[in-house]
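Participant: Residue numbers (the numbering used here), protein chains in the order written: chain A, -17 to 271; chain B, 536 to 979; chain C, 6 to 334.
A couple of the hints might just be wrong.
Stated by the list, open to error - Estimated spans, in silico, between C-beta atoms of each pair:
id, chain 1, residue 1, chain 2, residue 2, range
1, A, 175, C, 72, 38 to 46 Å
2, C, 196, A, 13, 22 to 30 Å
3, A, 20, C, 197, 22 to 30 Å
4, C, 118, A, 96, 33 to 41 Å
5, A, 7, C, 196, 30 to 38 Å
6, C, 114, B, 709, 25 to 33 Å
7, B, 781, C, 197, 41 to 49 Å
8, B, 957, C, 180, 46 to 54 Å
9, A, 132, C, 65, 49 to 57 Å
10, A, 248, C, 125, 41 to 49 Å
11, C, 57, A, -4, 36 to 44 Å
12, C, 114, A, 73, 55 to 63 Å
13, C, 324, A, 96, 49 to 57 Å
14, C, 197, B, 957, 16 to 24 Å
To be verified - 30 Å max Cα-Cα, derived DSS-like pairs, lysine-lysine:
id, chain 1, residue 1, chain 2, residue 2
15, B, 862, A, 50
16, B, 705, B, 732
17, B, 714, B, 862
18, B, 611, A, 50
19, B, 834, B, 714
20, B, 611, B, 871
21, C, 138, A, 50
22, B, 656, B, 671
23, A, -4, C, 139
24, B, 774, B, 784
25, B, 670, B, 834
26, B, 774, B, 834
27, B, 774, B, 862
28, C, 136, A, 50
29, B, 615, B, 977
By construction, these hints were calculated from the structure, which means they are not laboratory data.
The beta carbon of each residue, even a glycine, is placed where N, CA and C say it ideally should be.
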Amino acid sequence: MSTAVAVPRTHRQKEFRRHLLIYAGMTPFLIIAVFPVYWMLITALKQEPDLYRIDNVPFWFNLPPTLKNFETLFYQTNYGSWIVNTLTISAWVAVITLLTAVPAGYALARLRLPGAENIGIAIFMTYLVPSIILFLPLSRVVSSLGLQDSWWALVVVYPTFTIPFCTWLMMGFFKTVPMEMEEAARVDGCGQFGALVRIVLPVSLPGVLTSVIFAFTLSMQDFLYGLAFVAPGDQKPVPVGVPTELIRGDVFFWGSIMAAVLLVGLPVAILYNSFLDRFIQGITGGVGK
Amino acid sequence: MGDSHLVQARHTSVSRRRFLKVAGGSVAGGSLLTMLDARQAPAQIKGTSLRILTWSHFIPAYDVWFDKWSAQWGEKNGVKVRVDHIPHLEIPARMAAEFAAGAGHDIILNNATILARLYYKSLIDMTDVYDGLGKKYGGWIPAAKSPIEVEGRIYGIPMYYILLPMLWRKDLFEANNLKAPDTWELARVAARTMKSKGNPCGIAFSHCNDANLNWRSLMFSFGATETDPSGDNPTIDSKEMRETLAFAKALFDEGMTPEVFSWDDASDNRFLASGIASWIHDAISAYRTTESTNPAVFKNTYVGMEPAGPGGKRVSVSAPIVFLAWKFSKNPQGAKDYLTALVDVDKEGMVASTGYNMPFLNDNAKKPMPVIGADPKLQVLQDFPKIVAFFGYPGPYTPQIQEVANLFVLPDIFTKVARGTSVDEALKWGTGEYRRIFAKHKRA
Amino acid sequence: MTGSSQTSGPDATSARAAAVSVGVDARSRGWLGSQTSRRLAFGYLLLAPASAYVLLLVGVPFLFSLYLAVSDANVGDPVANFVGLANFRAAWEMETFWIALRNSVTFLVVAAVFKSLLGTSLAFLLLQEFKGKKLVRALVVIPFTLPVAVSVLSWKWMYDSQFSVINWALHRVGLIGGYGSESWPIWLGQPHLALLACIGVNVWRTFPFTAIVLLAGFTSVPTEVLDAARVDGCSFFQRFRHVVTPMIFPILIIGFLFDTVFTLSDLSVVYLLTAGGPGNATQILPVLAYQIGIQAGSLGRGAAIALMLVPLLFPALLVMLRNLKRRDW
């Protein structure tokens, strides 16, 4: 009888201790990742003079908070257009990347094509070409396509750095799918294509989602191509627009800059999180424990 | 901060209207001239388009004026005008892209990094426009030609330049019974006195544009030179340069804190706004922004003349802004007309920039100048056009000087000395770098 | 997954092979040849879009950059002459070049160490079940989602010599003195500290990337395999080392390789924080190449410097590939 009572308590204790350990482990990460973001948020809501006193507390308001920076952002710059451009460009690039990299990754991983290894290496080697040189001939390509100064130029150009990586990523994921699954599918009557679509892809969903995440992220990181190919204010993506209109000469509009960064990061973070949910849910007590 | 600058914009337009009423003559005359010119404008530019690439001016109101004026000019002349803005430091990359593409804007602005000599074979020859404007407005200041002249022809139109004067805290100076920093020696003494009280001075020892500009002002005022008048030979290895470096070391040790090694172009603005700085030598934008970030400091900050070196010489190195036009432009006549008209309304532009755009034309530099002529704190700026110089002084602004500037060789020499390298060694290294870079371009 | 019950044993294999060939026979003309040719056609078809994209938009420009590196091209000249290795020699003669090379390698190695440590620990932690997991996960990936050009600017302010939040916090906790004292770090002003500061930003931005790749890898390990291992009595670490790691090794290698390339060729962090200063303390090859090639206009020399990254990456590439081959890649 006494043992029956003791077991739940020990289990609870164990759970408690486990949670404590995990929280302790997570705390440094949370601090590292989140404290700059928290600081950005506070700064975005601060009045400008508040930033320039050494004695002021950076983590809270010394003068009352204000929404002025957000107002400036939306009413005095083209920020609205920039966000829409950024998200649209990234979405298109993600689509193009998936349509090209997933099949390519599968072909290289599974179809035993002669020269597959070399092709794979060649695709990787394209990353060795520095973008600071690349943007010049690409400029010619963009203008001959008539896309100069339109954000479509970026939709055409960004896949050049998302495709190689995502191809390799998908290769890696496809390699972890056991051959037997595919062969079994083919025995069951699917063709090559059917096997790919009905069996392999669903299992490699984490890989596909990861590729989308990276395509999105890589598209949002670029500054040089956006600068070189898109000059009109309303066509720019956020990374080019912000330094243009919120950094004038040596005058930085800090509050608005922070607001700009946060607002564009939020939707993307939500997107990523829903993806991570999807593929982490796949573990039913799997690796950890 | 956007808000305060908005307020500024309103002030500016009100003052401009008032100014126009009072002054009547020159500005209104300028505009009239523009309109007359426009009516006489060749019909061939009607129905064409013109695309202009410019930077984001630190006075947002100026950009508002610029965009509006450009649109109006376009309407008057039947030209579809579009103005785009990008950060000034990235204009070289954009130019390279447009050149590679063979297409892009018709007119591009260059700020500080003047690439006329690099691209002159693909730029429109503007000699006739340049000479015409010079004749109309009393001649160009001596420093105007250097950035845009190649083999006797002119490949761009200088529009204005931004000054880097002395910005000093009168209240702190007076509290310590110090004389105004009219010479570098006085500035050094002041910094030494006030550093111990918690108010050091600051000039950037780092890879930033301000460092390139400020240290050159110092060395030129000490009598040192960067290249010979032909521009072919670096001349930094001189007695005067050694004196300058020794002075800079003393200034750093006595009057500054090590944070200056981490400064970027905006750090000195922040330094002033925090109230700590006793003086800085910085672009005038720092003065203006303190108005919104720290009004108490702003009230006590005064603009000073470029300090004199030991020989009494004063040279102020500034960042020129010139407009270039591509040969591949489909509207060369429109480009020329536009630039002519823009120079014609130079005074309006000066007002729109709240007095910070300094004129390249002698007539426009005559006192009283718009805005700064009336502001007692800013009047001293009117004396700068006589002493302004650009990179490479007294030689011209060549691609090799451009590379020296892009690699921050000169600030590096000063940084080495501040960090403890002997003057001779640092100068030897610097001279070596200059020679190497100059040799590179000779080969090319 | 009807075949899974027959996953072991030679009999099962040959039975399966027989079944497959029967299936094949039933559909094709019974020829191994046309099955192969269909596979090849299918394969190259799948490969075509990616290859075309990459070949045209990157391959051709790559050849162009090789051409630039051996010519005396500058930005304004439509015509350039062949100069052999002169540009490379010019680069080797520059003291700054060797400093930049050293810094690039240091940057890469130090960043990689921290990223692996942080990324792996984070991935493990995220695998655990605990309350608030979803929120934590959402927060922790944020650094990765912010556009680099602007998040680096925030770090610039955070490293400011006067207003640094980091210094403020450290001072409040008593670990350093106040502003103006000897122990007040000037993050972007002291040579070694500046490089570390740049590395710090790179690590901050990309360790979520490492964690995500690892997580994705972990999740693709089939649970049956893990269950089987657990049933066989493996401890957690044994399971990890002998079962999980080999299976996800390809993904790990790819993640590592690409991160290496991205880090080595990344321009923005250093360019925005210090532009290579103070006194070239944080100068790295991409920034140097940009300053010489684009801003100063000497395309030939800039291209040569940028291409010097290739020899750095080659060893890494070869090692990785050999490793992958060994594991039946």
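Participant: Please go over all the hints and tell whether each is borne out by the structure.
Facilitator: Here is what the structure says about each hint:
1. 175/A to 72/C: 38 to 46 Å: 41 Å, holds
2. 196/C to 13/A: 22 to 30 Å: Once the Cβ atoms are compared, 27 Å apart, the range 22 to 30 Å for residue 13/A and residue 196/C holds.
3. 20/A to 197/C: 22 to 30 Å: Holds, since residue 20/A and residue 197/C (Cβ atoms, about 28 Å apart) stay within the stated range.
4. 118/C to 96/A: 33 to 41 Å: Once the Cβ atoms are compared, 39 Å apart, the range 33 to 41 Å for residue 96/A and residue 118/C holds.
5. 7/A to 196/C: 30 to 38 Å: The hinted range 30 to 38 Å holds for residue 7/A and residue 196/C, with Cβ atoms some 34 Å apart.
6. 114/C to 709/B: 25 to 33 Å: 54 Å, violated
7. 781/B to 197/C: 41 to 49 Å: 27 Å, violated
8. 957/B to 180/C: 46 to 54 Å: 36 Å, violated
9. 132/A to 65/C: 49 to 57 Å: 22 Å, violated
10. 248/A to 125/C: 41 to 49 Å: Violated: the Cβ-Cβ distance is about 27 Å, outside 41 to 49 Å.
11. 57/C to -4/A: 36 to 44 Å: Since the Cβ atoms of residue 57/C and residue -4/A sit about 57 Å apart, the hinted range of 36 to 44 Å is violated.
12. 114/C to 73/A: 55 to 63 Å: 36 Å, violated
13. 324/C to 96/A: 49 to 57 Å: 25 Å, violated
14. 197/C to 957/B: 16 to 24 Å: Between residue 197/C and residue 957/B, where Cβ atoms are some 22 Å apart, the hint holds.
15. 862/B to 50/A: 44 Å, violated
16. 705/B to 732/B: The given pair, whose Cα atoms are some 15 Å apart, holds under the 30 Å limit.
17. 714/B to 862/B: Violated, at about 53 Å.
18. 611/B to 50/A: 37 Å, violated
19. 834/B to 714/B: 19 Å, holds
20. 611/B to 871/B: The hint holds at about 15 Å.
21. 138/C to 50/A: Status violated; Cα separation ~34 Å.
22. 656/B to 671/B: Status holds; Cα separation ~28 Å.
23. -4/A to 139/C: 22 Å, holds
24. 774/B to 784/B: 16 Å, holds
25. 670/B to 834/B: Between residue 670/B and residue 834/B the Cα gap is close to 41 Å, so the pair fails against 30 Å, i.e. violated.
26. 774/B to 834/B: Violated, because 40 Å separates the two Cα atoms, which is more than 30 Å.
27. 774/B to 862/B: 45 Å, violated
28. 136/C to 50/A: 37 Å, violated
29. 615/B to 977/B: The hint is violated at about 42 Å.
Hints 6, 7, 8, 9, 10, 11, 12, 13, 15, 17, 18, 21, 25, 26, 27, 28, 29 from the list above are not met by this structure, while the remaining hints are.
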